[in-house]
Amino acid sequence: MNESSAKGVSELLRQHREALAESAVVRQYAAHSDRWASFGPEGRAKSLRDMGYHLDYLAEALAASDPVLFTEYIAWVKVLFAGLGFSDVVIPNTLNALREALEELLPGEVVTVAGAYLDAGSVRAETAPAKLPSLIDVHAPHGDLAQRYLGYLLTGDRQAASRLILRAVEDGVSVPEIYIHVFQTTQREVGRLWQTNQISVAQEHYCTAATQLVMSQLYPHIFGGDRKDLRFVGTCVGGELHEMGVRMVADFFEMEGWDTYYLGANMPPEAVVQAVRDRRADVVGISATMTFHTRRTAELIERLRAAEGGADLVILVGGYPFNLADQLWREIGADGYAPSAQEAVAVASGLTGA
Amino acid sequence: MDFERISNGIALSLDPRGIVRGVLYDAVGLTDEETVGHSLVSLLDRQSTGKGLSFLMALREEGAAFDWELGLPLGERIEILHFAGIVTENETVVIGAPDRQEVLTFYDDLVRINNEQMNVLRLAMKETAEMAAQREQRDGQVYEELTRLNNELMNLQRELARKNAQLERLNELKNQFLGMAAHDLRNPLAAIMTYSEFIIEDLADGAAGLNQEFIEIIHGSSMFMLGMINDLLDITSIESGRLDLHLELVDPADLIERNVTLNGVLAQRKQIELVFEVTDPLPQLLVDRAKIEQVLNNLISNAIKYSYADTQVHIRLGREGGAAQISVADQGQGIPASELGKLFQYFGRTSVQSTGGERSTGLGLAIARKIVEGHGGRIWVESEPGHGSTFYFTLPLDADPV
Numbered sequence: 070m071n072e073s074s075a076k077g078v079s080e081l082l083r084q085h086r087e088a089l090a091e092s093a094v095v096r097q098y099a100a101h102s103d104r105w106a107s108f109g110p111e112g113r114a115k116s117l118r119d120m121g122y123h124l125d126y127l128a129e130a131l132a133a134s135d136p137v138l139f140t141e142y143i144a145w146v147k148v149l150f151a152g153l154g155f156s157d158v159v160i161p162n163t164l165n166a167l168r169e170a171l172e173e174l175l176p177g178e179v180v181t182v183a184g185a186y187l188d189a190g191s192v193r194a195e196t197a198p199a200k201l202p203s204l205i206d207v208h209a210p211h212g213d214l215a216q217r218y219l220g221y222l223l224t225g226d227r228q229a230a231s232r233l234i235l236r237a238v239e240d241g242v243s244v245p246e247i248y249i250h251v252f253q254t255t256q257r258e259v260g261r262l263w264q265t266n267q268i269s270v271a272q273e274h275y276c277t278a279a280t281q282l283v284m285s286q287l288y289p290h291i292f293g294g295d296r297k298d299l300r301f302v303g304t305c306v307g308g309e310l311h312e313m314g315v316r317m318v319a320d321f322f323e324m325e326g327w328d329t330y331y332l333g334a335n336m337p338p339e340a341v342v343q344a345v346r347d348r349r350a351d352v353v354g355i356s357a358t359m360t361f362h363t364r365r366t367a368e369l370i371e372r373l374r375a376a377e378g379g380a381d382l383v384i385l386v387g388g389y390p391f392n393l394a395d396q397l398w399r400e401i402g403a404d405g406y407a408p409s410a411q412e413a414v415a416v417a418s419g420l421t422g423a
Numbered sequence: 094m095d096f097e098r099i100s101n102g103i104a105l106s107l108d109p110r111g112i113v114r115g116v117l118y119d120a121v122g123l124t125d126e127e128t129v130g131h132s133l134v135s136l137l138d139r140q141s142t143g144k145g146l147s148f149l150m151a152l153r154e155e156g157a158a159f160d161w162e163l164g165l166p167l168g169e170r171i172e173i174l175h176f177a178g179i180v181t182e183n184e185t186v187v188i189g190a191p192d193r194q195e196v197l198t199f200y201d202d203l204v205r206i207n208n209e210q211m212n213v214l215r216l217a218m219k220e221t222a223e224m225a226a227q228r229e230q231r232d233g234q235v236y237e238e239l240t241r242l243n244n245e246l247m248n249l250q251r252e253l254a255r256k257n258a259q260l261e262r263l264n265e266l267k268n269q270f271l272g273m274a275a276h277d278l279r280n281p282l283a284a285i286m287t288y289s290e291f292i293i294e295d296l297a298d299g300a301a302g303l304n305q306e307f308i309e310i311i312h313g314s315s316m317f318m319l320g321m322i323n324d325l326l327d328i329t330s331i332e333s334g335r336l337d338l339h340l341e342l343v344d345p346a347d348l349i350e351r352n353v354t355l356n357g358v359l360a361q362r363k364q365i366e367l368v369f370e371v372t373d374p375l376p377q378l379l380v381d382r383a384k385i386e387q388v389l390n391n392l393i394s395n396a397i398k399y400s401y402a403d404t405q406v407h408i409r410l411g412r413e414g415g416a417a418q419i420s421v422a423d424q425g426q427g428i429p430a431s432e433l434g435k436l437f438q439y440f441g442r443t444s445v446q447s448t449g450g451e452r453s454t455g456l457g458l459a460i461a462r463k464i465v466e467g468h469g470g471r472i473w474v475e476s477e478p479g480h481g482s483t484f485y486f487t488l489p490l491d492a493d494p495v
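Chains as they are written, first to last, in this note's numbering: chain A, 70 to 423; chain B, 94 to 495.
Pulled a few chain A residues facing chain B out of the computed Cβ check, cut under 8 Å: (1) Tyr122; (2) Asp125; (3) Tyr126; (4) Glu141; (5) Ala144; (6) Gly225; (7) Arg227; (8) Gln264; (9) Ser269; (10) Gln272; (11) Tyr275; (12) Ala278; (13) Met359.
No wet-lab data here; the hints were simulated from the structure.
Using N, Cα and C, we set each Cβ at its ideal position, and we do this for glycine too.
Throw the hints in and build the complete structure from the sequences for me.
Written out as structure tokens, the structure reads:
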């Protein structure tokens, strides 16, 4: 999308904020009068205020040419509304009312530009979770183990955490199960605890570092076994705190008999190209953690492609930005995308014909 | 207010909607253009969007919020700042600083300035300060733990390095063990000694002539030992990482033709016909001539070794994908499927017997594999017991050896 036109639309939305909010609320109430009647004039004032907020964030996203700002706002509103006991249809209806208000009051090209953001918001309203409960379900496979593990980490008792895992493996829990049901789950839960302001970054760092240590204690179970004649190199653009995802991916490849080589975070592109050549990699996995890493990922892919043998190299991407936009991997020139470590192995095996 | 004391943070004034009215203090380098008139949330990292909205909501609902960590993108980095804020009559002031203690100090200042809000804020402060103190203590412990954890990681790293060195030594030992294979050399040596003693005794007894059969046995055993020693020397150099390839451009058809001719005598003796076909003419290949000849010689002589009289051995040169493919197909006994796996391993002898009593060192195919893989190619076998075996190997066409 043209950046300047998005900015112009944003400006128009700000200028006509009150009129647009009023028009949208009128439409919302007309369409579902039965639902809104009971809230009275006070409720209507709140609806008007909320509609103003929706417009604010739509305008902010347009000003930044970044739909994610709006979609993440919608995801947050969904949790808030669910907490207030609002029906699921309130957000889609609100977004529709907003679109109609735009159509009524602003020129057609404005509606086209803003409409794309509203569409993205509608999609996110469907996919985002309505609640943010603990991601650890004690009834899920090894949920109890995950909960006890996290408990130890949050109290800073990594020895107990490590003993717990090693004992579980001795008792017959497989290493992939530990990775999926314990490490992956607790790591996500730690992220949620930070998002909901329950733990600090320091604790998040600690949990990550401790889990990496426990993972290294499991290496004797991972390295070894039947080998395939396939090589994987994993790297990530982004901070050290986010290395763990791609390290887990590398371990999954290792468990499937691939030879893997793990490069640390923020490696210069030439170092990655060099490692790919030295290791004769069949597949490269790149993990990106922030939306603004997308550009650096694209640059890295370009460098890998330009290098000798780059055209035949299979390049996979993963991470937050690619989970948000399902065709992004294609746009930046990757051969595939996977939302989890296991799927990465499956996708890579498919692409290499292994 | 003395905002200068915030070493690396920001202080912003917001309207009730959370939109920045003014920058009160900025030590991180925000521009007015991207700040004023925009929501606080739009300044944050997108992964802090929801949390930022919750922070604004807490401010609105409780009049004060304290100790919220939010991510602020600065260039390509994301700085995690501790945020606090209070709402006065018509203004919201928000502070973000890397250190909780700094935020606390400013919070105090803010509270003092806004007397009318004192009571509300005291209450909020009391709760949050208590919590903050707990968190502070906890964070202190966490950082200590982190340091210890780091040391432990270092130790683990060292241990890994140690184990690695140990493994290397073990590998070295394994190679020496290979030397033990030399015991295979003892049998032919024993034969040589026995038969040469016979000859010496015969000579002492003044026997009429030398026994031709004894001398042939001595000669055959010596030849076998020489082959074995050559193989062992090859392995020693390959396993210690010295597969020195002397690459030159070679016409593959000429090379194969030569080896077919050399093996022709052996084949004729067993009444086996060698047939060489080029299915696809190929350009010159960049290979180590002597080593590839070794592979060809091994495969062709094996085919003869395990074939019966009046059969053919087909040697074909063609193209498969981006590589040259050479195959040697016999009409011999074939190899049981269960034994195919160990074929390319050292001493990976099978139960298949040679047809003319020829001996095998059990090393040739393992060496062939190392040579082919060293050229960036592949070697494999397809076999059907009773019908024969076909050995294939490929060599890259683009001159890019590993």
